[in-house]
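Chemist: Put chain B on the given structure of chain A with help from the hints.
Listed here are the chains, written in short residue letters.
Number of protein chains: 2
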Amino acid sequence: MGAALAAHVGADVAAAGGPAAVAGRKMSPKITTELLKHLRQVMKNPRYVQEPVQAYIVPSGDAHQSEYIAPCDCRRAFISGFDGSAGTAIVTEQHAAMWTDGRYFLQAAHQMDSNWTLMKMGLKDTPTQEDWLVSVLPEGSRVGVDPFIIPADQWKRMSKVLRSAGHDLVPVKENLIDTIWTDCPQRPCKPLITLDLSYTGVTWRDKIVALRSKMAERKVMWFVVTALDEVAWLFNLRGSDVEYNPVFFAYSVIGMNTIRLFIDGDRMMDPAVREHLQLDSTLEPEFKIQVLPYGSILSELQAVGAGLSPKEKVWLSDKASYALTEAIPKAYRYLTPYTPICIAKAVKNAAETEGMRRAHIKDAVALCELFNWLEKEVPKGTVTEIVAADKAEEFRSQQKDFVELSFATISSTGPNGAIIHYKPVPETNRTLSANEIYLLDSGAQYKDGTTDVTRTMHFGTPSAYEKECFTYVLKGHIAVSAAIFPNGTKGHLLDSFARSALWDCGLDYLHGTGHGVGSFLNVHEGPCGISYKTFADEPLEAGMIVSDEPGYYEDGSFGIRIENVVLVIPAETKYNFKNRGSLTFEPLTLVPIQTKMIDVNLLTEKERNWVNEYHQKCREVVGAELERQGRHEALRWLLRETEPLARVQ
Amino acid sequence: MGAALAAHVGADVAAAGGPAAVAGRKMSPKITTELLKHLRQVMKNPRYVQEPVQAYIVPSGDAHQSEYIAPCDCRRAFISGFDGSAGTAIVTEQHAAMWTDGRYFLQAAHQMDSNWTLMKMGLKDTPTQEDWLVSVLPEGSRVGVDPFIIPADQWKRMSKVLRSAGHDLVPVKENLIDTIWTDCPQRPCKPLITLDLSYTGVTWRDKIVALRSKMAERKVMWFVVTALDEVAWLFNLRGSDVEYNPVFFAYSVIGMNTIRLFIDGDRMMDPAVREHLQLDSTLEPEFKIQVLPYGSILSELQAVGAGLSPKEKVWLSDKASYALTEAIPKAYRYLTPYTPICIAKAVKNAAETEGMRRAHIKDAVALCELFNWLEKEVPKGTVTEIVAADKAEEFRSQQKDFVELSFATISSTGPNGAIIHYKPVPETNRTLSANEIYLLDSGAQYKDGTTDVTRTMHFGTPSAYEKECFTYVLKGHIAVSAAIFPNGTKGHLLDSFARSALWDCGLDYLHGTGHGVGSFLNVHEGPCGISYKTFADEPLEAGMIVSDEPGYYEDGSFGIRIENVVLVIPAETKYNFKNRGSLTFEPLTLVPIQTKMIDVNLLTEKERNWVNEYHQKCREVVGAELERQGRHEALRWLLRETEPLARVQ
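Here the protein sequences come in this chain order: A and B.
Mapped onto the UniProt record's numbering, the consecutive letters of the first sequence carry residue numbers 1 to 649.
Mapped onto the UniProt record's numbering, the consecutive letters of the second sequence carry residue numbers 1 to 649.
In short, the hints are calculated from the structure, not lab data.
Misleading hints may appear alongside valid ones.
You can't tell identical chains apart in this list, so a pair holds if it fits in one copy or across any two.
Lysine to aspartate or glutamate pairs mimicking DMTMM-like chemistry, simulated, CA-CA at most 20 Å apart [what the hints assert, rightly or not]:
1) 288 x 270
2) 124 x 217
3) 574 x 555
4) 578 x 504
5) 156 x 394
6) 311 x 139
7) 606 x 504
8) 160 x 318
9) 447 x 375
Bound-form chain A, shown alone (with noise of 0.2 Å):
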């Protein structure tokens, strides 16, 4: 799926889970008024303030900073009405402001009420929730935000700004959304899976020992870990209380002699559990997990802030939340902007990388089937964009280790496939047909691994035009999957070369190339990435996994995009200058491109080679898997689909 690094695509998946956004999918605005109310009205009740709120900020994020959030999670699209997955409310005496950038103009103003103004990011004129505060406020404001939910980086930036006209950010406690929230799901906490070796590749203890090693070298005596895929990968255990993403709701924080993990339910009554994570064995007392409530994350680290002696010093990524920043006294705080987790955990190991392979050949069976299936059905006339999304999940579901879907299937058929954020629901709900391009871009979790693959395919004779463009797509993939780099390169470095082909007609596409990907957790991870945009990627070495996904998109019309994941490899070369050695990618992704759709004359040979290789790649791998499986149909479906590419003069 898109390149959520950048903000562009498909990152819009993570509020669609509570039945807020449901509705608000409907697109008719939800009707505020009395929740207004409501919430002006605690915002000056003493039980929840020690003094009134003149705003309320309201972000869209969870305690640990989530991509993708839970049901209980979605308050602004409570309040609000908007479900789209990047937006912050304000809601003042007098107004209701909603911030949201570009992807998102047309459906926040279709799903909120009058009562809310909307604030355009990136046009010119629109002020920064700041400027805006400052600008509605009266003087000597209290502004009022979760302290949990807004990260620390953000409330400095904010509370600068307005502290220097005169007004207050506040920390309020108790979230004001939730105590208005009156049928608010519960918070998630379902069962745990507990990952053994052979998925993992090193045992939760051996990477405690490396992280404190790490914490050695940088001389800290406590590390917090805040990002729920962080305590997942730490723990080798994996949890289902966010939708699309394996993890569960839980804070750890690792001295250089405890551990200690925070979390609620009964899941750590369940024996596997509990041998998984030795807690009822002997073991040396720096490897014994003390357990604790998930809510007692602060009081804890407060316990922790007021004990540590001159120098030492606590790690916390510097996108925690201010509640667990403040903890730490400022003199004590070592923020970075990746924590030592997020990278050891972006370099797969032997065990993840095979289970990646493992995962993406069970994946391609799966499409292989579907693809065969919808050149069946798409002629009858019958096959919806939902109906072809669901055939998808139902094929993977069919494969061994299956978990759930990695994130909503974009399934887009003519111009609902230039919605780069796309999901089909019924008001939007298109057939399939012969005349249009059909972009499926999906994924799922297996035990073993995490997959997201993008293919473009006509079910009838594609334009010259369309083949055209789809050629520039697919020549700006090949680009980035075929090039070879020095190591130390930072991924944003590569961009360009996925667009040139593009740039030389005069298209582009408005998104990122690629992002990291999880191994059997988020489809979306740090840190590193392929984006024109430089955020501060960290370069990329061999084992990191990212996908490779240009694409073209013509309002109205169509979309094109074609997305493989591919790992990080050493790269042979003829030469080797000052010893640095050399990377390229590996395609784990192993699904046919619809030749169909291929302009052969706009390919140098050199293209046309990756092509007939990568093919052939589908063939033996795919091939041999669909045999085993017995699905002759769908392999004689590769076989045609995998037929090489001649030569045109």
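Modeler: This is chain B only, laid out in the frame that chain A set:
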């Protein structure tokens, strides 16, 4: 010359002007025991410091944050002996330490005596200046620095760290180096050159009008011009106070109704200057220029700062000196990384572009003469690197409107070519031969434009390996030069195009690919460039001029670089996505690329055509000028060197 913005190539010419620098080049250490003793005395002398300072920082720059500095500003070279372009000295009661980067480790080690500790920047264990100070200073120390030399952003960073460790960064009004530098050269104060409309395209009055409209847009009342090239550009004046840069020491403060120019000497007595600036005419008051002494900038600016009413902002570069920035109370400052003058100056108008074209044709004539001469003379064994550099200057000086060189010529043969920032001196001077690659990176200031060109030649028979490397560099050069990209693209997104062919074979070069070039101004200018380092570059737009100069360097053997100055122009494309329009480059440099060095087998047809079309243009444009100047032998050389490359099968 090399991409200065990447701090890799060429920038070292900066400090090569002063007498200390020349001595330093001899690579015998400067004995600094007495100097340091003096400095430590004045660090405690109440005549210069209110209270003793325990450390004194000597940065590289001047009061205008110039890249190239005048001899009187080479204070760090004076105190230490080390005269590379980048370095910061810090002297405490006990220590003297010098921070510099990888280009200068060897040179600094040779030029400094044992009083100094070399701090190798970029190495893992090297402390930052702040951290080092914290580790060596006694509690509650005062660290002094000349507030005119240190940029405000650097002051801020440093002062924060020192303060949190209990020390103080304090501005020392009188420069302490100047107090002990008895034979310090005088600040230059050379006559000015006035540029009429045929060179500048826009009068200074119209530039002021445009600037005031930008100021009104941002709601600022005052703009402070601190960079020397910005003052020169604004008033359509040039000078020769700094070698290679046609600038003069001055500041300017532009109000909505006033213009103040701070400049010394009798230069304002020159009738041509008086008329150019209309100093004696009856003018609307808002165009009346008030001439004030250079040294009065601080007090005048403090007076401006003291007289501001609420909401009256003052615009400064965020790289302006701490002294000038502090003159404006914090609440009234409007700081940006690039000033509106910097951005306006980068986009050349028709008159400037035409001037740059003319300058480059003349420059090409001079180089055709030089290379023809070298071909005849090198076999005699009498041409050294210095002789060749001098000859290049001689040929250039024969051209109309020649003023001076635009940087110190990099004339290097064999292993010297691998020293990216090489400048021949008697101790290293090597004789050109038929057995070694010769690299010449040179340029000039003409009244109509600035040039900067690198050609790599062989006067015998290059080896297959040398040709291979040259061809990869050429492929990179063409990839940038022929690139088509959307309007709004930042230069750093093109950097990888220049490296792709090298990367494919495991090769690379450790400098940026291009820098902005002034129009009869500094050869390095912002705000655009092409580099893998992501600095905050402004998007490329039509009319901007940058260099395109990939290279390859093999330590101890040879250096290859191919550099053209190129103009950003609109590109015609088949389609036009979102109506954004596209851009590409037109080479302004028209000097043959030695075909003998090209392995044609490694070029694509498109690349071969590019070379042939480029050479065809050299023939037509430069050939006509050689003809006009009656330089028939050089014309024959040009025709020989621009024979089309034949297709190889």
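Chemist: Tell me the numbers of any earlier hints that the structure contravenes, in ascending order.
Modeler: 5 and 9
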